[in-house]
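Chemist: Sequence:
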Amino acid sequence: MVPQSGQSFGRYDVGRQLGRGGMGIVFEATHRDLERAVALKVLAPELAEDPSYRNRFLREARILARLDSPHVVRVFDAGEHDGSLFLATELLPDGDLAELIERQGALSPTRAADLVRQVASGLYDAHRAGILHRDIKPSNVLLKRLPDGTLRALLCDFGIAAVSDGRDLTATQGVIGTPPYMAPERHDGAEATIASDIYALGCVLWSTVTGHAPYEGSAAQILLGHLQKPIPQLLGATAEEVQFNQTLRMAMAKDPAARFRSADAFGRALGYFAAAGPPGAPTLERSTPSAPPPPSTVPPPPSAASTQLAQPTPVTAPCVVGPLQRARRGRRRLVAAAIGVLVLVAATVGGALLLVGGDEPSSAAGSDRDASTSSSDATPVPGPSATTNASGTDGPLAIDADFVNQPCNDEFVVILATSGDRTEYEEKLGAAVRGNPDARYLDGSASCAAFLPEDPATGALVFNAYLGPFPTMSAACQTLARIKSPVAWVRRLANPSKVRELCFCLSSASQQPTIAPGYASGDFRLRHQVRQAQWALATKGLLREDQIYGAYTDDLVDAVTKFQRRRGFEGNGLLDSTTWQALHADYCPVDAYLVER
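Per UniProt numbering, the sequence shown starts with residue 1, numbered consecutively.
If you're looking for bench data, these hints aren't it; they were derived computationally from the structure.
Warning: the hint list may mix true and false statements.
Capping the alpha-carbon separation at 27 Å, the derived lysine-lysine pairs in DSS-like fashion look like this [stated by the list, open to error]:
(1) 229 <-> 254
(2) 484 <-> 540
(3) 562 <-> 540
(4) 540 <-> 254
Pair by pair, the computed Cβ-Cβ distance ranges are [claimed, not checked]:
(5) 434 <-> 230: 38 to 48 Å
(6) 567 <-> 218: 39 to 49 Å
(7) 239 <-> 16: 29 to 39 Å
(8) 220 <-> 255: 15 to 25 Å
(9) 4 <-> 218: 47 to 57 Å
C-beta atoms are modelled at their ideal positions from N, C-alpha and C, and glycine is treated no differently.
With the hints as extra help, turn the sequences into a complete structure.
Modeler: Now the structure itself:
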């Protein structure tokens, strides 16, 4: 039985109604024994009659209750009373992000980044616990004013058990979510994944700085926008706006595998340019990631690109705002039948539009995941492990810093010094590490393959002193520009047996040294840049893959000459600054460009 205001419901005294939806009602309530004010969500009685839903609700509520994150709404209690399932969460009276935007207008990119970064922190904690969200949008980001006046952002309404307003929600034939914030592959009915959550958070980022969703209009226009239209971008050219656009492109990439690999990487990218708002603006609390739970109970999130890995399970915690809310003036963009309209339009436009993400594996967890499957099924992704190499048997001797074997996770580092000569590496790398307090070094024999485990010329091990890693190339480039080192360069942490890197920092493209036949082949930085140019030219059909090995051969001279003539300037066969800029313009219009082998 669903209670009424003024009645008792188990351990709770029920107060005013806060929201109502198709799945139940939310009340302000007080726990009698603890005298704690809560948001009490009581689900419709018929839901408790469905054994699979009932079991999943209770199981996932327990998971969320154990989640200790400063940026996820806390669950205090869950269970069944008088034939109805219920959930009690903390009561937040300060409204949500959608209301903040309605009251104050769009936020600046720096303020928006600082706020969304907090949400990314909560999302990452949830993913680590094996929990997907599936309906990230501004109204599902609650704000809590702390005693010092700052605002904390908290993610709520996991699992689409939404009862607070029901706006824009679609739930038809297994496709559940809010269409303006749904990833392209989800519009075709694909299961939710870490990547789709990240895409939705990217949409929230755009909404926060513009006041509207990335794609608007009719259901058909929203569908086509997510599937076909370019990712929206700010029109300005300030450093803040450029960085914002680069981050947004990676979060909202049409291909799930091209997005940030984790919410943590997305949050760190936002952190590189997030700052406090202008004087007088509400201060947003800077997020501090919660300490990760023990690995045995909370595995790291699987890679968004690894479709064979189990995905976290969606959960059912409500999103409830307290008494100071609900004076909404927002537009109602879609109704519950939106998916039916989308399917009709897609049939008119052509079935090919619905193929995006269609190869998502059926084993991915979703709303119908078997009750016997737990969040511990998620496969961990190896992360960097820092160890002090005190013995120096396999790597450099102690250089007053830890050495770290970085994984091939597509992040970026700034290489400060490289050495394959054991007689010099301690002095050379040591100087680089001591000159940069944040620097570390690694043993090339066991690190990501992009660091050349062996020098192909001599067979010697290669060691590197570096800064990072950074989640985006632009973030690494900013650091490179700041340290103003004539020998430092940026390297992607990527496995060269799978992808090839073609880009270098745009900020330093005009400062690239001219490379010509006869350059010092022992210079790792120059050899790396020659390989970049060779791969770029190979994609144009000007070189074969077997001609790519970092040496400036006659084949490379011919290829560079042909490329230069195609671009309309003198063909001298030299990799000079003009040629570098032309290559960058061809292959790196976004952040970085990868070519599959």
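Chemist: For every hint, state whether the structure bears it out.
Modeler: Each hint tested on the structure:
{"no.": "1", "hint": "229 <-> 254", "verdict": "10 Å, holds"}
{"no.": "2", "hint": "484 <-> 540", "verdict": "33 Å, violated"}
{"no.": "3", "hint": "562 <-> 540", "verdict": "10 Å, holds"}
{"no.": "4", "hint": "540 <-> 254", "verdict": "24 Å, holds"}
{"no.": "5", "hint": "434 <-> 230: 38 to 48 Å", "verdict": "46 Å, holds"}
{"no.": "6", "hint": "567 <-> 218: 39 to 49 Å", "verdict": "43 Å, holds"}
{"no.": "7", "hint": "239 <-> 16: 29 to 39 Å", "verdict": "48 Å, violated"}
{"no.": "8", "hint": "220 <-> 255: 15 to 25 Å", "verdict": "23 Å, holds"}
{"no.": "9", "hint": "4 <-> 218: 47 to 57 Å", "verdict": "39 Å, violated"}
The earlier numbered hints that this structure contradicts are 2, 7 and 9.
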